[in-house]
Structures are given as C-alpha cells and as structure tokens.
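J.: Sequence:
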Amino acid sequence: MVTTADIPRLEMLQVADAVAREKSIDREEVLEAMEQAIQKAGRSKYGLEHDIRAEIDRRNGEIRLLRFMQVVDLVENEATQIALPEAQRRNPEAQVGDFLTDELPPIDFGRIAAQTAKQVITQRMREAERKRQYEEFKDRVGEIVSGAVKRVDFGNVIVDLGGRAEAIIRRDESIPREALRPSDRVRAYIYDVREEPRGPQILLSRTHPQFMAALFKQEVPEIYDGIIEIKAVARDPGSRAKIAVLSHDPSIDPIGACVGMRGARVQAVVQELQGEKIDIIPWSPEPANFVVNALAPAEVSKVVMDEDNGKLEVVVPDDMLSLAIGRRGQNVRLASQLTGWDIDILPESEESERRQKETRDRVDSFIASLDVDEVIAHLLVAEGFSRVEEVAYVDVGELTSIEGFDEGLAQELQRRAVEFIEKRDGEFEEKRKELGVADEVRDIEGLTPAMLVGLGEAGIKSLDDLADLAGDELVDPKDGILRAFDLDLDTANAIIMKARAHWFEGEDQQDAAAQ
Numbered sequence: 001m002v003t004t005a006d007i008p009r010l011e012m013l014q015v016a017d018a019v020a021r022e023k024s025i026d027r028e029e030v031l032e033a034m035e036q037a038i039q040k041a042g043r044s045k046y047g048l049e050h051d052i053r054a055e056i057d058r059r060n061g062e063i064r065l066l067r068f069m070q071v072v073d074l075v076e077n078e079a080t081q082i083a084l085p086e087a088q089r090r091n092p093e094a095q096v097g098d099f100l101t102d103e104l105p106p107i108d109f110g111r112i113a114a115q116t117a118k119q120v121i122t123q124r125m126r127e128a129e130r131k132r133q134y135e136e137f138k139d140r141v142g143e144i145v146s147g148a149v150k151r152v153d154f155g156n157v158i159v160d161l162g163g164r165a166e167a168i169i170r171r172d173e174s175i176p177r178e179a180l181r182p183s184d185r186v187r188a189y190i191y192d193v194r195e196e197p198r199g200p201q202i203l204l205s206r207t208h209p210q211f212m213a214a215l216f217k218q219e220v221p222e223i224y225d226g227i228i229e230i231k232a233v234a235r236d237p238g239s240r241a242k243i244a245v246l247s248h249d250p251s252i253d254p255i256g257a258c259v260g261m262r263g264a265r266v267q268a269v270v271q272e273l274q275g276e277k278i279d280i281i282p283w284s285p286e287p288a289n290f291v292v293n294a295l296a297p298a299e300v301s302k303v304v305m306d307e308d309n310g311k312l313e314v315v316v317p318d319d320m321l322s323l324a325i326g327r328r329g330q331n332v333r334l335a336s337q338l339t340g341w342d343i344d345i346l347p348e349s350e351e352s353e354r355r356q357k358e359t360r361d362r363v364d365s366f367i368a369s370l371d372v373d374e375v376i377a378h379l380l381v382a383e384g385f386s387r388v389e390e391v392a393y394v395d396v397g398e399l400t401s402i403e404g405f406d407e408g409l410a411q412e413l414q415r416r417a418v419e420f421i422e423k424r425d426g427e428f429e430e431k432r433k434e435l436g437v438a439d440e441v442r443d444i445e446g447l448t449p450a451m452l453v454g455l456g457e458a459g460i461k462s463l464d465d466l467a468d469l470a471g472d473e474l475v476d477p478k479d480g481i482l483r484a485f486d487l488d489l490d491t492a493n494a495i496i497m498k499a500r501a502h503w504f505e506g507e508d509q510q511d512a513a514a515q
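Position one of the sequence shown corresponds to residue 1 (our numbering), numbered consecutively onward.
Please keep in mind that the hints were generated in silico from the structure rather than gathered at the bench. One or more of the hints may lead you astray.
As the list claims (entries may be wrong) - With a cut-off of at most 27 Å between alpha-carbon atoms, the simulated BS3-like pairs for lysine-lysine come out as follows:
#, residue 1, residue 2
1, K357, K433
2, K231, K217
3, K431, K461
4, K217, K302
5, K498, K433
6, K231, K150
7, K433, K423
8, K150, K138
9, K277, K231
10, K478, K423
11, K217, K138
12, K40, K150
13, K461, K357
14, K461, K423
15, K357, K311
16, K478, K311
17, K311, K231
18, K302, K478
19, K478, K498
20, K461, K498
21, K131, K217
22, K131, K150
23, K461, K433
24, K461, K478
25, K138, K40
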C-alpha cells in the first residue's frame, strides 16, 4: 500500500508539469488539484469534521498533511477550534483568530482512497480546462475559426477546434441543404461564447451576416486594410445575399475590388457559402439612393420617403415589378434588411391610378367645401393644396401667385374656407358632446374637433381613457383610432403625456406641502 511519504517528490512535480503542458493549463492549478485530492483522502482517514489541508512544496515536491485549529475564547467545535489558554501553552504568542497547525502522519493510499484522489484531480483538471477554453475564446467573438466535424447530433454539428475545444453549429445556424459529415473540414463564425456549468459553449454560425463580411475581409486585402468598408450585409443563407461597400479611396472601385480579377475573390466566398449568389452594391448616405442600389438589378422610377415611420415607397416600371420583388419577395426583403427601411414596391400603373384618385378626391373636396368650379379646384390641387385648412390659413400671397387668381378671388376663397371650417367644427363639437367626450380632453393641444369625435366613437371619453393608451393605439396604420388623420407617433405620444399630466399634479402638491 502506497503512502504519501512513498510518493517520489520530484516525480510529483514532473507529473504536474506534464499534465499542465498536455492540457494547456497552469502548473499551479494542477498542483492545487493534487493538494485537494490528498486533502480529501486525509479527511476520509482522520475525520471529515477536521480542518485538514495538504501542502505540496513547489520546489522539492515534499507533501505535508496539516490539521488547522482556530484559536477562540469559547470552544464550540472541538474538531476545529482550540481555547486561547491551551493555545498559548503551545505557543505563547497565540492570539484569538490565529490558527495552530499539527502535522499529521502520512496516509495510506488504499484502492478507494487512490480512486477518490484520481476523481478529484480529474474533476479539477476538467474545471481548469473549461476555464482555459473560456478565457481563450471569450474575446474571439467575431472571428472565423476552422475545425473538423466531430459528429452530427440531430442536425447540430459538433466541431473540434484542433483539440483546444469543441464548438457547436446549431441546426438553425447551418446553411440549408448543406450536408456536413464527420471529419469534414469546416469554417464558421464565432457569434457567442457562454460560460456554463458544464463548460463553455462556443457557438458557431455559417448563416450569420457577419460570416460573409469576415470571409470578404479574408479574401479582399483592401477590406482588411480598411480602404474599403463593408457597411451592411443581408443574407438568405444558401440562396442569395447583398453586401453594401464603401471605398475611402476615390481611386479604388469598391465593387471591382470585391469581385476581383475574373471574379476570383467573390467566387471564393460563393464557394464557401455553398453557391450563395452575392450582389455587391455601392453604399450611399442618401437613403433613397441606397435603396435604389439595393434593389438592383431592378430599375426604379421614383422613391417616396416617409422618414417618421421609416418607410419607403418605391415605384418601378410594370415590367420590372417581379424582378424588384424577387422570387417569394426575396429581393425586396434583402434590400429592406440591408438598408434598414421598410420598402413597399408599387408598379407605375398602380401608383398612377392612386395618384389620380387622390387628385380626384382632393378636387371633389375643394368643390364641396369652397363651392367652386372644377377648374379652380384643379388649380389648387396642382399648386400642392390638399386640405381646406391650408387654403384658409395660408398667406394670401401664395394664392394670388397662382395663375388667374387675383387678390379678390384669394380673399373670397379664404373666407369660404374659414366659414366651412367653423361650420364643420361646430358640427363636430355637437357630436363630441353627444358622445360624452369630456371638456378636459377637448382642451388638450393637438386634438382637432374631428379627432375628438373619432376618440368618442372609439369609447375614449375621459382623460384617464386617453392616458391609458399607447401611441401606437392612436396611429397604427391598420387599427389605430386616429389612423385617418395626419398624426405621427411622436405627436400621438405627446398628446397622451398631456392627458397623463393630471396623474402627477397631486404628487407635486404633496411634495410642495412636505417642503
């Protein structure tokens, strides 16, 4: 039977050095694991209630087993504590809080003790190796790594990173229809490293947009050097992708540099991504131009921006509609991801019909509200007037600048517009009262008489009713209460905050009274 005294001292240090090299972990961690194993065996022999610790001399490998006793005034645990008078008989300088140590005889390593020690060392080595793996990879998020497929479990690919660690490509991070088999070499993008009890989780992806960006960085020296910048990437993995690039050197064509001689550079990326078709487009700081570039190869006739809602309406020739939208909406979806705008594609014929209908509706509105003929109504619409309020309150000079309009006609139009608004708002006011919408709601700045009626018809009648709403509930394009009005989300939120003001008045008064 082997005892701790029988273990060759230098051999102990040599084993620690060998394990540290093999596992790429610190020698000190190996020695601490050995100490913990010997300590556990010692407690098994002398009693688990004792504070027994093992020490291995880092220079000569000598093993010592020590029992620690804490000096106290009143002993509560005789196994780990010693009274001050007794401690001072052994060591006159002992003070409360100090520890006295007794060196214990070497322990016998029987089969069970040896097995326990081995388990402790193995567990500590695993913990140290997991820590080493986490420390090695935690700062490598955003890099491409290469490894060999170890196994495939239910679509999840386990990758051996050269013996240093294992990583996983989950099913949803794999390129569709890509069949990876054990021993295949694979490259992937580290998108996350998580520290978990069973060891670090190194998460890889072959579908992440930045995987493509990193591949281009490897293939295109100008990107690596920072001369060309990748501004945005959008992917439909395994099928198609769009990448927007910008050159910081006017003499270098960013698209040509990314394509390479005879397409060599882009083809290297395409091959790595299982034939994914890649559109390389020039980035533009102007959203409209960027969207036009992103929709290539489709031609664009017109772009209408709605900056408040982050939307763009793109008009294309009728014969370009299917190309602009793409198969199953792929082209417009990728363009939207790339630019960050919600893109709505319209054919010229539909846009023309809609524009004609809007014009007709505005003309009819002016005919009805101002009691004018169709010619005057058309002239107002052609000059950009869309609402009777604009006619009523615009500077009279803007009306007289219209060809055929003199000052007398302009003033008469404004008189009729004001008269119509007053009559209409009076009717809305009566309707508001019938619906029971509170005067306090009426007094909120930003709400028109027509909006008040809309709120009343939706059951919003008091300040609390309005205060309980969210901005989206007022302006949502599908079911917003005030969606029929020209109201943006910021204005809607401001109206709601004004309705909530009375909630805080009592608190302000209490604070003032307390002061």
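J.: Hint by hint, which ones does the structure fall short of?
T.: 1, 4, 6, 10, 12, 13, 21 and 25
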